[in-house]
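We have chain A; now place chain B onto it with these hints.
Protein chains: 2
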Amino acid sequence: MTERAASSALLTDRYELTMLDAALLAGTHDRECVFEAFTRRLPAGRRYGVLAGTGRLLELIEQFRFQDAELQFLRDNRVVRDETIDWLADYRFSGTIRGYREGELFFPGSPFFIVDAPFAEGVILETLLLSVFNYDSAVASAAARMVAAAGGRPLAEMGSRRANERSAVAAARAAFIAGFSATSNLEAGRTWGVPTMGTAAHAFTLLHDSEEDAFRAQVNALGPGTTLLVDTFDVEKAIETAVKVAGPELGAVRLDSGDLPKLVKQVREQLDSLGAAKTRITVTNDLDEFTIAALAASPVDSYGVGTSVVTGSGHPASGMVYKLVAHRSGDGGEWISVAKKSDGKASIGGRKHPIRRLDARGTAVAEVVHIVEKGDTPDDSGRDLLVPLITDGEVHREHLGVEGTRRARDHRALAMAELPDEAFRLGRGDPVLPTIFG
Amino acid sequence: MTERAASSALLTDRYELTMLDAALLAGTHDRECVFEAFTRRLPAGRRYGVLAGTGRLLELIEQFRFQDAELQFLRDNRVVRDETIDWLADYRFSGTIRGYREGELFFPGSPFFIVDAPFAEGVILETLLLSVFNYDSAVASAAARMVAAAGGRPLAEMGSRRANERSAVAAARAAFIAGFSATSNLEAGRTWGVPTMGTAAHAFTLLHDSEEDAFRAQVNALGPGTTLLVDTFDVEKAIETAVKVAGPELGAVRLDSGDLPKLVKQVREQLDSLGAAKTRITVTNDLDEFTIAALAASPVDSYGVGTSVVTGSGHPASGMVYKLVAHRSGDGGEWISVAKKSDGKASIGGRKHPIRRLDARGTAVAEVVHIVEKGDTPDDSGRDLLVPLITDGEVHREHLGVEGTRRARDHRALAMAELPDEAFRLGRGDPVLPTIFG
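Those protein sequence lines, which keep their order, are chains A and B.
Going by this note's numbering, 1630 is the number at position 309 of the first sequence; the sequence numbering is gapless.
Going by this note's numbering, 1396 is the number at position 75 of the second sequence; the sequence numbering is gapless.
With the rest of the complex left out, here is chain A (with noise of 0.2 Å):
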């Protein structure tokens, strides 16, 4: 049992189903539909965005099923007509899904995710694929920003307590995708295949009668190459007892408190003293971006990052929405592209298929969004950003699970590795790409 549920089919706003009660009864319902995905800005600041939740969401949408317990909930609570429960018992999502790669970076009003499918089909998706997206391409960006500061140091998601309990485990994964090396999530290790990393907290310090009875007892178990925690008490003696302990191979120290760039010195200047220069100096204290950052000239082997990362960093949901923006009218005819005015929400109608414009260096220049035909691809020479995702309701395996992970890893590299040197520093600025409709 992986931490994969039975049905994701409540995981869901039930205005979804009373739109699909209504248009059933219209007989609106099968209009031939595309919704797309997109933000409407990045967060203040922010140059660019990572997506992630694409291989989680296709297995979701696979899970997508009304089986006899959620109907009779729906039927219970009178929340559809029994036409519709009907209607929901035999749901399978059967429409074309195409999309960003998992991995991709994303810029305002350009569409990741693209439904066609009639509109009972796509609309009942809308809730359950916002969750996915908003959440995980909030930590996957703010942890790809924190991979930048880092130059080149690995660092480890160790946010799970600071999430909600199944958040953690996608957390893990968006930030793996974004660049880190491991968690400290065992889930994320299994579902997702994500390296796992951790050795011991302040209570197992505590627990024993000296500080040097509690390293003996983790090196005796995991290996003098293991991490100890040395700041429970005093960060000089306990190192003193580390390598006392542990030898000069010891693994690394870990620090989870204190005024870092001074304390870090001083603890590579004591382990070198003492012979342990292999040593590594791993820090975990309430990182950010900005921390890791300032960190930069210290003798830092790795980092742990927690809160931080797994609220997006100040950020905690993407501003992503699903839009309608076309159909095709009653008599099945011709596509109608549609659009609401709503003070301050407006958008733009029509199916669109975004490419990525690149220099003669490959250096990305622009985001552009062309306004497209059913069919039809744009006459480009810029990078496509679309791949198919679900075709006639089959999903492409090779975005699922542990492969579609790792895939979404290296893609992510690729195309940061398009971008130019602005889009890494963290001022706050405008998005890195312009968006341009073309």
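Just so you know, these hints were derived from the structure itself, not from any lab.
Mixed in with the good hints there might be a few duds.
Straight-line distance between alpha carbons at most 20 Å, and here's what the computed PhoX-like set of lysine-lysine pairs gives [stated by the list, open to error]:
(1) A:Lys1662 - B:Lys1583
(2) B:Lys1666 - A:Lys1666
(3) A:Lys1666 - B:Lys1599
(4) A:Lys1583 - A:Lys1565
(5) A:Lys1565 - A:Lys1599
(6) B:Lys1599 - B:Lys1565
(7) A:Lys1599 - A:Lys1586
(8) B:Lys1583 - B:Lys1565
(9) B:Lys1558 - B:Lys1586
(10) B:Lys1558 - A:Lys1662
(11) B:Lys1666 - A:Lys1558
(12) A:Lys1583 - B:Lys1662
(13) B:Lys1695 - A:Lys1558
(14) A:Lys1583 - A:Lys1558
(15) A:Lys1583 - B:Lys1583
(16) B:Lys1695 - B:Lys1666
Showing chain B alone in chain A's frame:
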């Protein structure tokens, strides 16, 4: 199949299991211990916090079993030694937990969840329990401020799409405990008995050939008492159409954009002039406790809140920690209080018992945390905050499920009623009760 999954055992940081591994080898794993969960501080400016998560957590602790699949993962990945695998195969929490009732208010330093168990049994629950409390309480704490700001008008939680798909269910439950009336999330309805609501989105209007067709389709399916969304194109025209289609018995109109104080006033006047004086107005445009408060003088009938409630309104994780505070000595003799001294993160050792002190009128004046011996109850006439949650491994069932959720909601109302008035001002301030170690 509800949203509860089969095993929660890998929703855990790896270091919980490596500590267990080392303690087993050292023979220190069965030392009797006391662990306490508390928050070091409230988010800046907040006056109180609302504890949520207990009922969910107790179920997850019951499901915290290492079955073949979990053990195989640990073996394959050499997370712990074979002896430890055997110990985990038999694991079932056998200790005793006392704590706050769910829905209780919390203040810095006061323990709300006190675990009496052998080290091994208590330590491996850490990650899971912090995940649950940190997220659920972040939502409940934000939600309670919104409830106060709404001054008796009902609030619906509609943020599922802005939270991880499973967080969304927990968020709906936490907001309900904090006083929200309903949620859009169907799984929260099924699993936790939270009333669900919702009618239609802009896509439904855009699907149809005219707004009038859309309104008619909705009224045909859901009746004239439904809520019509009136801001897809032009609000004034939409309201005219809405009343024409549904008649003056139209249940409500929903506004999801625009300058709400001004717009709500116009809409009320228009509805009244059309004879729809009983038609309610619900607003849902990116609300938080501050924008809700700003609508106090407007003729709004109810609020729908999304992003801000499910992300804790700027504070998506409560700062809760779980600390070893005492253990018996190696020979099973006396109790030893323990606390780390880490820079900026020092804690207070010893078993604690929190009491809410009330004045003669029943208004809370202080959180008093007594340091006590095992089995002792403090001599204090205040309200005892501790109730049994698990006794010798047996969960007290009244905290679970739909009933537990409703009890938590009721208890939250009682606890809030004890607070002094200044607790409910939205301006920033210190915790409204001081924590006194007695």
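Quick rundown of the hints versus the structure:
1. A:Lys1662 - B:Lys1583: Answer holds: A:Lys1662 to B:Lys1583 is near 18 Å, not above 20 Å.
2. B:Lys1666 - A:Lys1666: 45 Å, violated
3. A:Lys1666 - B:Lys1599: Since the Cα atoms of A:Lys1666 and B:Lys1599 sit roughly 29 Å apart, the hinted pair is violated (cutoff 20 Å).
4. A:Lys1583 - A:Lys1565: 24 Å, violated
5. A:Lys1565 - A:Lys1599: The hint holds at about 15 Å.
6. B:Lys1599 - B:Lys1565: Holds - the C-alpha atoms of B:Lys1565 and B:Lys1599 are around 15 Å apart, at most 20 Å.
7. A:Lys1599 - A:Lys1586: 15 Å, holds
8. B:Lys1583 - B:Lys1565: Judged against 20 Å, a Cα distance of about 24 Å means the pair is violated.
9. B:Lys1558 - B:Lys1586: 16 Å, holds
10. B:Lys1558 - A:Lys1662: 13 Å, holds
11. B:Lys1666 - A:Lys1558: 18 Å, holds
12. A:Lys1583 - B:Lys1662: Measuring from Cα to Cα gives roughly 18 Å; hence the hint holds.
13. B:Lys1695 - A:Lys1558: 33 Å, violated
14. A:Lys1583 - A:Lys1558: Judged against 20 Å, a Cα distance of about 17 Å means the pair holds.
15. A:Lys1583 - B:Lys1583: Given pair A:Lys1583, B:Lys1583 is violated - Cα atoms ~55 Å apart, limit 20 Å.
16. B:Lys1695 - B:Lys1666: 26 Å, violated
Hints 2, 3, 4, 8, 13, 15, 16 from the earlier list are contradicted by this structure; the remaining hints agree with it.
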